[in-house]
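Chains A and B are the protein sequences, given in the same order.
Residue 1 is where the first sequence starts when you use the numbering used here, and the numbers rise one by one after that.
Residue 1001 is where the second sequence starts when you use the numbering used here, and the numbers rise one by one after that.
The hints are simulated quantities; they were obtained by calculation from the structure and are not laboratory data.
Glycine included, every Cβ here is placed at the ideal spot set by N, Cα and C.
Any given hint might turn out to be false.
[Stated by the list, open to error] Simulated pairs of lysine-lysine, DSS-like, Cα-Cα distance not exceeding 30 Å:
1) B:K1036 <-> A:K97
2) A:K41 <-> A:K17
3) A:K3 <-> B:K1041
4) A:K41 <-> A:K68
5) B:K1018 <-> A:K68
6) B:K1036 <-> B:K1022
7) B:K1022 <-> B:K1041
8) A:K56 <-> A:K68
9) B:K1022 <-> A:K41
10) A:K56 <-> A:K97
11) A:K17 <-> A:K107
12) B:K1041 <-> B:K1019
13) A:K107 <-> A:K41
14) A:K3 <-> B:K1036
15) B:K1041 <-> A:K56
16) B:K1019 <-> B:K1040
17) A:K97 <-> B:K1018
18) B:K1040 <-> A:K56
19) B:K1040 <-> A:K17
20) B:K1019 <-> A:K41
21) A:K97 <-> A:K17
22) B:K1019 <-> A:K68
[Stated by the list, open to error] Derived, one-sided and incomplete: chain B residues facing chain A with beta-carbon distance under 8 Å:
23) L1043
24) M1046
25) F1064
26) L1090
[Stated by the list, open to error] Cβ-Cβ distance ranges computed for the label pairs, FRET-style:
27) B:S1096 <-> A:D66: 24 to 30 Å
28) A:G40 <-> B:G1014: 22 to 28 Å
29) A:T93 <-> B:S1065: 36 to 42 Å
30) A:R60 <-> B:P1008: 31 to 37 Å
31) A:N18 <-> B:G1014: 45 to 51 Å
32) A:D82 <-> B:G1014: 28 to 34 Å
33) B:L1051 <-> A:R60: 35 to 41 Å
34) A:N18 <-> B:E1067: 43 to 49 Å
35) B:R1054 <-> A:K17: 43 to 49 Å
One letter stands for each residue in the lines below.
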Amino acid sequence: ELKVEQNPLFLSMQEGKNYTIYCNYSTTSDRLYWYRQDPGKSLESLFVLLSNGAVKQEGRLMASLDTKARLSTLHITAAVHDLSATYFCAVDTGTYKYIFGTGTRLKVLA
Amino acid sequence: ETGVTQTPRHLVMGMTNKKSLKCEQHLGHNAMYWYKQSAKKPLELMFVYSLEERVENNSVPSRFSPECPNSSHLFLHLHTLQPEDSALYLCASSQSVGGSYEQYFGPGTRLTVT
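Chain A on its own, in the form it takes in the complex (with noise of 0.2 Å):
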């Protein structure tokens, strides 16, 4: 059974200051999502990882592929308050399904 892994779940750092994500998954995939959801919120597309070694970048927020390590990062460059919410990886098995990952919730502090 495929399993995705996400750590921390959560994770509170102040203003400013930088952190990185992790992504674990257990299978081979070359196709993995990031997402943030606000609370009450929906899922909003971030960042479409297609290839070994990927790198998309938006703002504050990096994001990595690994398909080797089979492990994806999301970085947080100099965190706002605004960047607080929960952010979903999801891999893509190769067909139509994602498997989703726990979530990090994040709170960055005034």
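Given the coordinates of chain A, work out where chain B should sit on it, guided by the hints.
Chain B alone, transformed into the frame defined by chain A:
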């Protein structure tokens, strides 16, 4: 806005009621999905439709019945639900199944079963 709408946004129903959730996508996509999001659990894929044909029924109890009359609309018919079915139900669409197509999510329906 993602181009995927869901109604109602909130629903409270008793265990003996019958209700339906509606999803509509305005993106010209060919695939649509139902997910369940419960507190403290990862999103669970429930159903997948490709060009109005169901391609996945992920061991979902029969009290949930999906319907896809065309590629733009998706319904989830609910009957005889249990309190543990209370959750956020999310609809998503993608250009196609398979391939490298990201999914676009609707705002969700918050369902409470009393």
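For each hint, the structure was consulted:
no. : hint                          : verdict
1   : B:K1036 <-> A:K97             : holds (14 Å)
2   : A:K41 <-> A:K17               : holds (26 Å)
3   : A:K3 <-> B:K1041              : holds (13 Å)
4   : A:K41 <-> A:K68               : violated (33 Å)
5   : B:K1018 <-> A:K68             : violated (48 Å)
6   : B:K1036 <-> B:K1022           : holds (14 Å)
7   : B:K1022 <-> B:K1041           : holds (23 Å)
8   : A:K56 <-> A:K68               : holds (18 Å)
9   : B:K1022 <-> A:K41             : holds (17 Å)
10  : A:K56 <-> A:K97               : holds (23 Å)
11  : A:K17 <-> A:K107              : holds (12 Å)
12  : B:K1041 <-> B:K1019           : holds (24 Å)
13  : A:K107 <-> A:K41              : holds (16 Å)
14  : A:K3 <-> B:K1036              : holds (17 Å)
15  : B:K1041 <-> A:K56             : holds (27 Å)
16  : B:K1019 <-> B:K1040           : holds (25 Å)
17  : A:K97 <-> B:K1018             : holds (28 Å)
18  : B:K1040 <-> A:K56             : holds (28 Å)
19  : B:K1040 <-> A:K17             : holds (27 Å)
20  : B:K1019 <-> A:K41             : holds (22 Å)
21  : A:K97 <-> A:K17               : violated (35 Å)
22  : B:K1019 <-> A:K68             : violated (46 Å)
23  : L1043                         : holds (4 Å)
24  : M1046                         : violated (11 Å)
25  : F1064                         : violated (18 Å)
26  : L1090                         : holds (6 Å)
27  : B:S1096 <-> A:D66: 24 to 30 Å : holds (27 Å)
28  : A:G40 <-> B:G1014: 22 to 28 Å : holds (24 Å)
29  : A:T93 <-> B:S1065: 36 to 42 Å : violated (25 Å)
30  : A:R60 <-> B:P1008: 31 to 37 Å : holds (35 Å)
31  : A:N18 <-> B:G1014: 45 to 51 Å : holds (49 Å)
32  : A:D82 <-> B:G1014: 28 to 34 Å : violated (40 Å)
33  : B:L1051 <-> A:R60: 35 to 41 Å : holds (39 Å)
34  : A:N18 <-> B:E1067: 43 to 49 Å : holds (47 Å)
35  : B:R1054 <-> A:K17: 43 to 49 Å : holds (46 Å)
Checked against the numbered hints above, the structure breaks hints 4, 5, 21, 22, 24, 25, 29 and 32 and satisfies the rest.
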